[in-house]
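A.B. asks: From first to last, the protein sequence lines stand for chains A and B.
In case it helps, this note's numbering puts the first sequence at residues 3 to 331.
In case it helps, this note's numbering puts the second sequence at residues 32 to 280.
Honestly, the hints are just simulated from the structure, not real lab data.
Treat the numbers as computed from the prediction; the structure is a model and nothing was measured.
A virtual CB, placed ideally from N, CA and C, is assigned to each residue, including glycine.
Do not take every clue at face value.
As the list claims (entries may be wrong) - Rough simulated footprint, nothing fancy, chain B against chain A, three-plus residues with beta-carbon under 8 Å:
1. 178-185
2. 193-201
Said to hold, decoys possible - Beta-carbon label-pair distances, calculated as ranges:
3. Glu97(B) with Leu20(A): 57 to 63 Å
4. Glu97(B) with Gly245(A): 48 to 54 Å
5. Tyr108(A) with Gly71(B): 28 to 34 Å
Said to hold, decoys possible - Non-contacting residues of chain B with respect to chain A, defined by C-beta distances greater than 12 Å in every case (computed):
6. Asp95
7. Ala138
8. Gly142
9. Gly180
10. Ala191
11. Thr193
12. Lys213
13. Arg255
14. Tyr274
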Amino acid sequence: MSRTAISVGAVGVIGALLAIGALLPSWLLFLVTMAASHGVVSLGILLIMRGGLVSFGQGLFFAVGGYAVALTVNRWGATDALVLVGLGGAAAGLVGAITGPLLARYSGIFFGMLSLALSMVLYGILVKSTALGGSDGFNIPRPTILGWRLEGASGDYALYALAVVVTGVAAWLCAIYTRSVRGLVTLAIQANPLRVEYLGASVRGIMALNFALAAVLGGVGGALTVLALGHIEPTFAYWTQSGEFVFVAILAGPRSVSAIFAASLVLELVRSFSNLYFPNTWQLALGVFLLAVILFLPGGIGSLGQARIWRRPTKGRDLAALRAGEAAE
Amino acid sequence: MTPVLATRGLDKAFGAVVAAAGIDIDVPAGQRVSLIGSNGAGKTTFVNMVTGYLKPDRGTIALDGENIVGLAPRMIVRRGICRSFQIPQLCVELTAMANMLVACAAAEASGLSSWRAPDDDGRRERAEGLLERFGLQRYGDRPVSELPGGVRKLLDIAMALTRKPRLLLLDEPTSGVSAEEKFPAMDRVMEAVAGEAATMVFVEHDMDIVSAYADRVIAFYAGRVIADGVPAEVLRDADVRRYVTGAAA
Chain A
3 MSRTAISVGA VGVIGALLAI GALLPSWLLF LVTMAASHGV VSLGILLIMR
53 GGLVSFGQGL FFAVGGYAVA LTVNRWGATD ALVLVGLGGA AAGLVGAITG
103 PLLARYSGIF FGMLSLALSM VLYGILVKST ALGGSDGFNI PRPTILGWRL
153 EGASGDYALY ALAVVVTGVA AWLCAIYTRS VRGLVTLAIQ ANPLRVEYLG
203 ASVRGIMALN FALAAVLGGV GGALTVLALG HIEPTFAYWT QSGEFVFVAI
253 LAGPRSVSAI FAASLVLELV RSFSNLYFPN TWQLALGVFL LAVILFLPGG
303 IGSLGQARIW RRPTKGRDLA ALRAGEAAE
Chain B
32 MTPVLATRGL DKAFGAVVAA AGIDIDVPAG QRVSLIGSNG AGKTTFVNMV
82 TGYLKPDRGT IALDGENIVG LAPRMIVRRG ICRSFQIPQL CVELTAMANM
132 LVACAAAEAS GLSSWRAPDD DGRRERAEGL LERFGLQRYG DRPVSELPGG
182 VRKLLDIAMA LTRKPRLLLL DEPTSGVSAE EKFPAMDRVM EAVAGEAATM
232 VFVEHDMDIV SAYADRVIAF YAGRVIADGV PAEVLRDADV RRYVTGAAA
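If we strip away everything but chain B, and leave its shape as in the complex, we get:
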């Protein structure tokens, strides 16, 4: 069966800094994969290459068997890979609902209407449904600039889900979220994602979150994959303990 995402020989360097070296990763449909690694290990570079923000120096990235290297981010999004960001990328002067309406409008195959109002054509209902699924309905009328960090994170993910993506990439979905809110927030994300995108890759630093929510963990170090497997195995790996988690071997 063709994996949803398949990368082969992915290389990327910024001058002398190697951010990716021969990355071969297959992500089958339905899997929830967590990428772990210390700062500068190459996790976000990998996400940026898959989503078209960076072009790899060498190698291929295939979505459902189709090479997507060189495509503009919007073309990759239209093919089914959506993402959220480490720092939520929102329109801060607009309300949460307006952000969702923009996302819903951009997701429509019929193109952007120059005549129809943003909340026509079932767009508002779809936006309200997603906000409700993330528990954000009470924030709909508030400008994003007034929202707390955790709510912005969830809103960023909700916007990424409007296209019902084949593959959802989340860059540190719990960073900036308080310790007691992390698990409830991830529960929300997992529940919401379950109905929209079966396959998910998320970058994460909190190993408790990784253990609780990932089916599979891929550990990065210096642009290379140093471990790949189920969470319990990978987190016990000696290299992972030395270079990623910092736990005594």
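If we strip away everything but chain A, and leave its shape as in the complex, we get:
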């Protein structure tokens, strides 16, 4: 898929979702808002996964972004949602830029467990910190956009639109990034990091940047979630939250940016309906669903309709284009 096609597709999907949003009932509007806000965090995991690593600690950045927004609202009175989303991404990106070079020194399970450990350190600090609301967290008022307070049904739609546009732009940028030179070298790192190092490229440097970008996306997701929920608590950094982001990334598979959001929405729907019909055993339903996906769709949702192309490229198309470009589809 060419860059122009990706851009046109992104504008089309964002426009369609904005139009559809006007027709959705409020409960579904909120569900899609949450799916988009969480999906953008899993999008960051996708960037890391393409280099052969899995982070089990994206809750760290989700929480940093969320707390940065919530504290800014409560302490300094800033309420503009666009500024706050940018602030959440920047705060998490800063933490990612500091921790990324450290984590990039490790691979495999060591990388995963160290990322998890960092997120749990933050969780421990947040739970014990009364100044940050302790284990209960705290509430924030509804945000504004250009001076307009987002309240009532129109406010809900505006938050939905904000989540759709921000995550849509993030997905578009990620699609371009995965098709770029750096995106292809990231795939090569997954396949053979030794070779990439012996070609003169810095594996650690590339993975540290991918990690920092994933951190920005985590912070943006945290900011969007806090703005929609109006509440933050330490569970943003808890390991089960990080696990959900990995769950979505696995459900989507490593091949598609758009599949991440479909997977995120599926997770929200399964969780909501399971909660409704099996309130005490909804995790069981979720587990059965994940098993079914692993058994019948091992490549994830993103592999639907792509499996044959993935295994054997058609004549005249090279696998580089397929692998570097798959994320855009």
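Position chain B against the provided structure of chain A, taking the given hints into account.
C.D. replies: What follows is chain B alone, placed relative to chain A:
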């Protein structure tokens, strides 16, 4: 004139096993040097030390007079020493062209773009040119996992050449290549290398290949250099016949 590669007093031991003991080697510009020796003689250890994969216990390694001991492999590559591997190190799920594009991108001084496509900026033309020089153009669209061993060897060498290295190190370029394909493959390599890297060191077990393609042969045994000179002389050396070629003295 400063040699391209100069090692002095290079020692390396793995526990009680001595892999290199006082290796002093100068490689002048333009020479094609073959390293020979039985398994465990220290050839690959020497290559691994020169390319930064292993750090010597003692001694210096100089590229154009600059000591490179302790530098990371990528820093040594950036200074002009590139290598291929005994077992080709390729990205097997990617196509041959994608592998070449990765190599071309990594070779660029401007750094890796997060925006530009891999085959922009003349990268594809450069990759196609190298594939053609190695006779691999028809394999460009195929995943490496589907390629025969000899083609993988050549692709591995082609990737090492994308930087136009000062010194090219080839670890057993014909191992795994069928007997009838060895000479054509080496002809391809020599032709391709002639335009990119004037100086070459290759590890080789086939003495016919060594005789045909090396200007100079260095024989290793138990981590030491036991003979060094033109192929005809070294291959006649009594120690080389006893410890390396196995021919009757």
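A.B. asks: Indicate, hint by hint, whether the structure satisfies it.
C.D. replies: Here is how each hint holds up against the structure:
Look at the stretch 178-185 of chain A against chain B: 7 of its residues bring a Cβ nearer than 8 Å to a Cβ of that chain, three or more, so the hint holds. Given as covered by chain B, the stretch 193-201 of chain A passes the check, having 8 residues with a CB less than 8 Å from a CB of that chain where 3 are the minimum. The hint said 57 to 63 Å for the Cβ distance between glutamate 97(B) and leucine 20(A), and at roughly 59 Å that hint holds. In this structure the supplied range 48 to 54 Å holds for glutamate 97(B) paired with glycine 245(A), their Cβ-Cβ distance being about 50 Å.
For tyrosine 108(A) paired with glycine 71(B), a C-beta distance near 32 Å keeps the hint of 28 to 34 Å intact. Taking the minimum C-beta to C-beta distance to chain A, about 17 Å, the non-interface status of aspartate 95(B) holds against the 12 Å cut. Not every Cβ of chain A is farther than 12 Å from the Cβ of alanine 138(B); the closest lies at roughly 6 Å, contradicting the non-interface assignment. With 12 Å as the threshold on Cβ separation, the claim that glycine 142(B) sits away from chain A is violated: the shortest Cβ distance comes to roughly 9 Å.
Annotated as non-interface, glycine 180(B) keeps its C-beta farther than 12 Å from every C-beta of chain A; the closest such distance is 17 Å. Remark: the non-interface label on alanine 191(B) conflicts with the geometry, its nearest Cβ contact in chain A lying 8 Å away (cut-off 12 Å). The non-interface label for threonine 193(B) is inconsistent with chain A: the shortest C-beta to C-beta separation is roughly 7 Å, within 12 Å. No Cβ of chain A approaches the Cβ of lysine 213(B) within 12 Å, the least distance being about 24 Å, so the stated non-interface status holds.
Chain A leaves arginine 255(B) outside its interface by the beta-carbon criterion, the shortest separation being 27 Å against a cut-off of 12 Å. For tyrosine 274(B), the non-interface assignment is confirmed: its Cβ lies about 31 Å from the closest Cβ of chain A, beyond the 12 Å cut-off.
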